[in-house]
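Please model the complete structure; the sequences and the hints are all you need to start from.
Protein chains: 2
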Amino acid sequence: MSVEDHELPVFTTAADMRAWVRKQKKSGRKVALVPTMGYLHEGHLSLVKAAKEKADVVVASIYVNPTQFAAHEDFDVYPRNPADDRAKLAAAGCHAVFEPESLYVAVPGGGGGESSNVVGRESNHPDSHETFVSVERLQRPLCGGSRPHFFRGVCTVVTKLFHICEPDVAVFGRKDYQQWRVICRMVRDLDFPIEVVGRPICREPDGLAMSSRNARLSAESRDRALSISRGLRWAEKAVAEAAVTRPDEVAAHVRGMIEEAGGKVDYVELLHAHNLGPVSDLTSQPVLLAVAAHFPARDRGTVRLIDNTVLNEIGDAQQGQGEQEEGQQQEQQQ
Amino acid sequence: MSVEDHELPVFTTAADMRAWVRKQKKSGRKVALVPTMGYLHEGHLSLVKAAKEKADVVVASIYVNPTQFAAHEDFDVYPRNPADDRAKLAAAGCHAVFEPESLYVAVPGGGGGESSNVVGRESNHPDSHETFVSVERLQRPLCGGSRPHFFRGVCTVVTKLFHICEPDVAVFGRKDYQQWRVICRMVRDLDFPIEVVGRPICREPDGLAMSSRNARLSAESRDRALSISRGLRWAEKAVAEAAVTRPDEVAAHVRGMIEEAGGKVDYVELLHAHNLGPVSDLTSQPVLLAVAAHFPARDRGTVRLIDNTVLNEIGDAQQGQGEQEEGQQQEQQQ
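As you go down the protein sequences, you meet chains A and B in turn. For reference, each letter of the first sequence is one residue, going 20 to 353 in this note's numbering. For reference, each letter of the second sequence is one residue, going 20 to 353 in this note's numbering.
Hints were generated in silico from the structure; no laboratory data involved. Keep in mind the model is a prediction, meaning the values are calculated, not measured. A portion of the hints provided could be inaccurate.
[To be verified] Far from chain B, some chain A residues (derived; all Cβ distances over 10 Å):
1. 100
2. 140
3. 165
4. 257
5. 260
6. 267
7. 278
8. 285
9. 302
[Stated by the list, open to error] Residues from chain A shown here face chain B by an in silico Cβ test under 8 Å; the list is partial:
10. 145
11. 150
12. 153
13. 210
14. 212
Think of the CB as a built atom: it goes at the ideal place given N, C-alpha and C, for glycine as much as any other residue.
Structure below.
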């Protein structure tokens, strides 16, 4: 453990992190975890704030998880700035940081260390990491289509973080809407004694959803990327006014807005907001409108941005299936 | 919770079980878990005894786990006798029993309750259980060949039991050698804060490895099934005396002994005792000799029996890679 100037303890090993959390719990304190991949923005800090309202002490983890990246994806160029992150977390009132160098067993001779756990790069050494957690249905649509190993990697690292940090509460952002639903399902199915909280998306003043990846957009790309949030706002208004009634009509219009702005659409989809199953209308259940699209990066390649909104949320409340439902079930289980 | 005559508390819900364990831990007691599928014999009770040496209180779970059975396997006829089990556990000095009716979310209209979680029978209802834990390499050989979903089911239910019972130590039998290795690997890879202990096989006086499934053998089948342990003893002697030097020679001879006695061999294999990889000789590493074979049942169908021994264990000790190694690593982590 090292203590920074601002007195925020930073733990780099599982044993040290767990010992600290157990000491907190022994003193009767409730512990919340905010898992992040670092390069923190206001969205992350809003999760820390929410965590502080749910628990006595807040641990944030900073770890760019190789198992949720494929070999062609941006693991190597994912933005990192741990010193800045720690300062922001200290200012936000976070109580400890878990910042492991590596979370996966890397066997000597088995390949390139931590990055050998990027999917498609891993070694087949019989003693290297080989255990994975999968949420088999919820992981398939949306981001699961173009990133088939993504949620398996997310669930695996979140399981590890849960076992190391032993939180009572874990806070996730709903920008990664499918991830939040997948984690809720995993927690329910595997009986984790953890309450999962999903927090609303934080946006820049112009509407762009906050993301660590925004830093990689050129100024022009950033302007063009506003087409995503403009599309979501259009859909919310059009559905509220019943100007459109069919999910495919909404999807086609939003896709058109993004493509017209020069975005390369990965998906624009409308799905059941709870189980991500297909929907045939916009009035009988809450409907997730989810978007993923690529825009040119300022360095090389493209930046993949995601965003979403839930349409027909009144229907959501009416059927008594609020967004926190699965987390609350967990809470009751304890 | 219900308290039996012999004062052994029996918990049937995850919440009650977890509350009891947390109370024990709050009092500073170390907790051990012995997961079982019931129909207990001396082998199971030896695990309880070992658990008592490792911890202050011992919880045994009794649960026939549907997700580790395939539709054509013996889930429905797996022997059950919970009242007898409880009496045996009380006599063995066990402190609590976890005996859930169901551990998987069963959605109304989604199929036949608990048995709908047998692989191949499950419903595809979008709200039913869908999260699984897999140890991708170690689960492939031996029992993974004929039972491809078996270890996925085992890892998933053990993860659930670990999250509900929150043990410091978990004790498994090495008759299920591959299962023990898979669980050790899962605990290492997912950072469970649990020490895994593997205990030696218990045998009947005539050498038959103890198993709940032995109850389903006819008297004649039981005699014939002794060919398995006779084969293992032959191999131990032949290898110790260097009368055979090649793994395939050992496998062929043991297979012959079992087939001659009327057994239908699923596998007779020699693998690296730690990582279950292939071996080309019997002297440079510890070698697992593992057997699975079917014998006629007294009711219907056949009974699948497994057994094993580790050859060249001196080599094992020499390279300082004892059987408890992974469990001990876990202990040090805490």
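Hint by hint, here is what the structure shows:
1. 100: At roughly 26 Å from the nearest Cβ of chain B, residue 100(A) sits farther out than 10 Å, so the non-interface label holds.
2. 140: holds (16 Å)
3. 165: holds (21 Å)
4. 257: Given that every Cβ of chain B is farther than 10 Å from that of residue 257(A), nearest at about 27 Å, it holds.
5. 260: It holds; residue 260(A) is separated from chain B by about 30 Å at its closest Cβ, greater than 10 Å.
6. 267: holds (20 Å)
7. 278: Residue 278(A) clear of chain B: closest Cβ-Cβ about 31 Å, beyond 10 Å.
8. 285: holds (23 Å)
9. 302: Correct as stated: the minimum Cβ-Cβ distance to chain B is 20 Å, above 10 Å.
10. 145: holds (4 Å)
11. 150: Holds, because the Cβ-Cβ distance from residue 150(A) to chain B comes to roughly 4 Å (cut-off 8 Å).
12. 153: Holds, about 6 Å.
13. 210: Hint holds; residue 210(A) Cβ to chain B Cβ min 4 Å, cut 8 Å.
14. 212: holds (6 Å)
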